[in-house]
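If you read the protein sequences in the order shown, they are chains S and C.
Each residue of the first sequence is one higher than the one before, starting from 3 at the first, in my numbering.
Each residue of the second sequence is one higher than the one before, starting from 8 at the first, in my numbering.
Just so you know, the hints here were simulated from the structure itself, not pulled from any lab data.
It is possible that some hints are incorrect.
Using 30 angstroms as the maximum straight-line C-alpha spacing, the simulated DSS-like pairs for lysine-lysine come out as follows [as the list claims (entries may be wrong)]: (1) S/Lys4 x C/Lys22; (2) C/Lys83 x S/Lys295; (3) S/Lys393 x C/Lys83.
Quantities reported herein were computed from a predicted structural model and do not represent experimental measurements.
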Amino acid sequence: MKRIYLDYAATTPVDPQVKEFIQPYFDKIFGNTQSVHTFGQESYKIVEQARNFISKMLNCSAEEIIFTSGGTESNNTAIKGVYFATRNFAGKHFITSTIEHHAVLEPMKFIEENFQSEGAKVTFVPVDSSGIVNIDKIFENIRDDTVLISIMHANNEIGTIQPIKEIAERLKKINQQRQQQNKHKIYFHTDAVQTFGHMKVDVEELGVDLLSISGHKFYAPKGVGVLYIRKGTRIEPLLHGGGHEFNKRSSTLNVSGIAGLYKAAEIASEVMQEENKRIKLLRDKLFEGIIKKIPDVVVNGDMEKRLVNNLNICIAGVESESVLIALDNEGIAVSSGSACSSGSLEPSHVLLAIGRDPVLARGSLRFTLGRFTTEEDIDYVLEVLPKIVEKIRKISPIYKKTQ
Amino acid sequence: MQYSEKVMQHFMNPKNVGEISDPDGVGTVGNPVCGDLMTFYIKVSKDGKILEDVKYKTFGCGAAIAVSSIVSEMAKGKTIDEVLKFTREMIAEELGGLPPQKMHCSNLGVDALHKAIQDYLSKKKLNPLLCRCPFCDGDLPCAEIMECKKCKKQIVKCPSCGKIVEYKDICTHCGGKLR
Chain S
3 MKRIYLDYAA TTPVDPQVKE FIQPYFDKIF GNTQSVHTFG QESYKIVEQA RNFISKMLNC
63 SAEEIIFTSG GTESNNTAIK GVYFATRNFA GKHFITSTIE HHAVLEPMKF IEENFQSEGA
123 KVTFVPVDSS GIVNIDKIFE NIRDDTVLIS IMHANNEIGT IQPIKEIAER LKKINQQRQQ
183 QNKHKIYFHT DAVQTFGHMK VDVEELGVDL LSISGHKFYA PKGVGVLYIR KGTRIEPLLH
243 GGGHEFNKRS STLNVSGIAG LYKAAEIASE VMQEENKRIK LLRDKLFEGI IKKIPDVVVN
303 GDMEKRLVNN LNICIAGVES ESVLIALDNE GIAVSSGSAC SSGSLEPSHV LLAIGRDPVL
363 ARGSLRFTLG RFTTEEDIDY VLEVLPKIVE KIRKISPIYK KTQ
Chain C
8 MQYSEKVMQH FMNPKNVGEI SDPDGVGTVG NPVCGDLMTF YIKVSKDGKI LEDVKYKTFG
68 CGAAIAVSSI VSEMAKGKTI DEVLKFTREM IAEELGGLPP QKMHCSNLGV DALHKAIQDY
128 LSKKKLNPLL CRCPFCDGDL PCAEIMECKK CKKQIVKCPS CGKIVEYKDI CTHCGGKLR
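Based on the sequences and whatever the hints tell you, model everything.
Written out as structure tokens, the structure is:
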């Protein structure tokens with residue numbers, strides 16, 4: 003049977019070139035980067051090469067990035083790290099949006115729930131119906147004791163790209179005033195897991211202090227990521243131990259993973275522009291085909307300020323899981339929202355945040371295209387999906403055709 | 008999460024899908040916001056004993072559709088008394104098991120079918136098995152949680168053993184979870 007993967011936002015396969023590149027780093031160049039001998043030096047060399055390359059891509063210095071186990075750890079380190087480093091003298095208030103990934107929402111809730119007695123508080127700001135965060139609401143909610151704003155670069159479910167630069171510019175002015183008033187700086191974190199390796203991510207241009215990256219979203223192996231920490235940003239490590247990564251993240255370095263992330267980033271920086279053009283054409287073809295062939299479908303999120311590989315729709319009268327399973331049965335892999343929430347019965351928090359009717363929200367489908375998606379794949383989906391939807395709608399007690 | 012082969016068969020080729028235009032009874036259970044929604048339609052034989060036709064419409068996951076299909080198959084041609092003894096466990100077993108998270112929200116077929124039978128019985132003003140309070144014989148409304156009009160006790164049908172019991176945390180008859 004044909005197998006078509008359209009869930010690249012959940013994870014990507016390791017690029018064959020990356021797979022090839024990292025082979026020596028399992029058994030030939032395997033030393034501990036902190037060892038003095040040649041084995042250790044060889045590993046150290048590739049890690050530093052990776053660090054230099056990634057930091058150049060991010061437009062920061064090599065000492066400003068640490069390697070982590072992935073996006074979840076980077077987000078947790080940014081949020082809990084700032085809280086634990088500043089709780090005693092600066093502030094305890096955080097601002098984030100309602101459409102963040104669970105790897106941001108949950109550490110935020112953890113802090114609020116566990117440190118309530120010392121005044122920890124999180125404000126969740128809403129997004130508009132197109133899935134873009136309300137900047138004014140962020141600034142209305144800033145308090146004297148605010149220490150961190152965390153807004154994702156692009157949303158993982160609906161792909162909307164957030165106005166990080168605008169937020170940073172406004173925040174810069176506020177931070178200048180605060181400096182004169184002897185108040186602590188408000189740090190700005192962005193979860194760039196969906197964007198790094200897919201579009202330009204420049205920390206100076208974006209104006210952020212902290213930025214999270216995950217390798218497996220851009221054809222590197224799973225289990226490796228990066229956290230950018232602007233020089234001077236106070237952060238307490240999550241992992242204490244041998245003092246690796248400038249004392250910010252102890253743990254023997256994942257040399258093969260870091261080598262993979264390096265190679266994947268190098269490929270991304272070379273092919274990104276061409277690849278995005280190709281993927282956007284395919285995504286638009288998929289979108290237009292669906293709208294033409296299936297009545298009563300709505301798109302979720304802004305179509306312009308959006309990742310080029312993402313299409314997220316709601317299909318009236320059906321429940322996502324039944325469509326997912328029927329598609330899977332035909333060899334097509336898509337998702338209802340984030341991989342973390344597939345199989346849960348609750349409608350997606352992102353779709354509710356953009357104001358979707360909760361019943362309609364249960365019929366969401368997310369298609370995310372990638373490097374290995376072909377036009378034939380899209381044609382096949384456009385042939386199979388309408389039949390499946392028609393069949394499931396026939397069973398549905400709530401679908402009344404509107405056209 | 009994995010579905011059994013039987014679930015997949017019923018999901019891919021559901022039996023008895025549809026509505027009955029002049030049904031003898033209709034029953035809907037569930038909630039489309041955070042669970043599944045099922046409506047069952049029944050046609051009863053002239054002597055009032057046998058379910059001659061059973062159809063349904065279902066909004067929900069693969070399990071919900073498979074459950075509806077197998078319930079309709081199991082019930083068609085059986086007597087009302089036999090069908091009233093169906094439990095959620097029987098359905099799950101017949102399907103070769105259901106993932107645990109699907110037991111509560113998707114395994115609603117029996118409840119919807121029982122509600123359709125209640126609807127039929129109450130329309131016929133027959134002594135409805137489910138519509139009399141087991142404690143004081145007072146009138147019960149046809150609902151999932153029925154409050155007796157006379158003694159004000161809250162009554163439910165235990166999804167595990169099928170007995171009509173007072174609505175508490177666990178079933179007083181079999182110990183099964185009620186809420």
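Hints, verified against the model:
| no. | hint | verdict |
| --- | --- | --- |
| 1 | S/Lys4 x C/Lys22 | 28 angstroms, holds |
| 2 | C/Lys83 x S/Lys295 | 36 angstroms, violated |
| 3 | S/Lys393 x C/Lys83 | 23 angstroms, holds |
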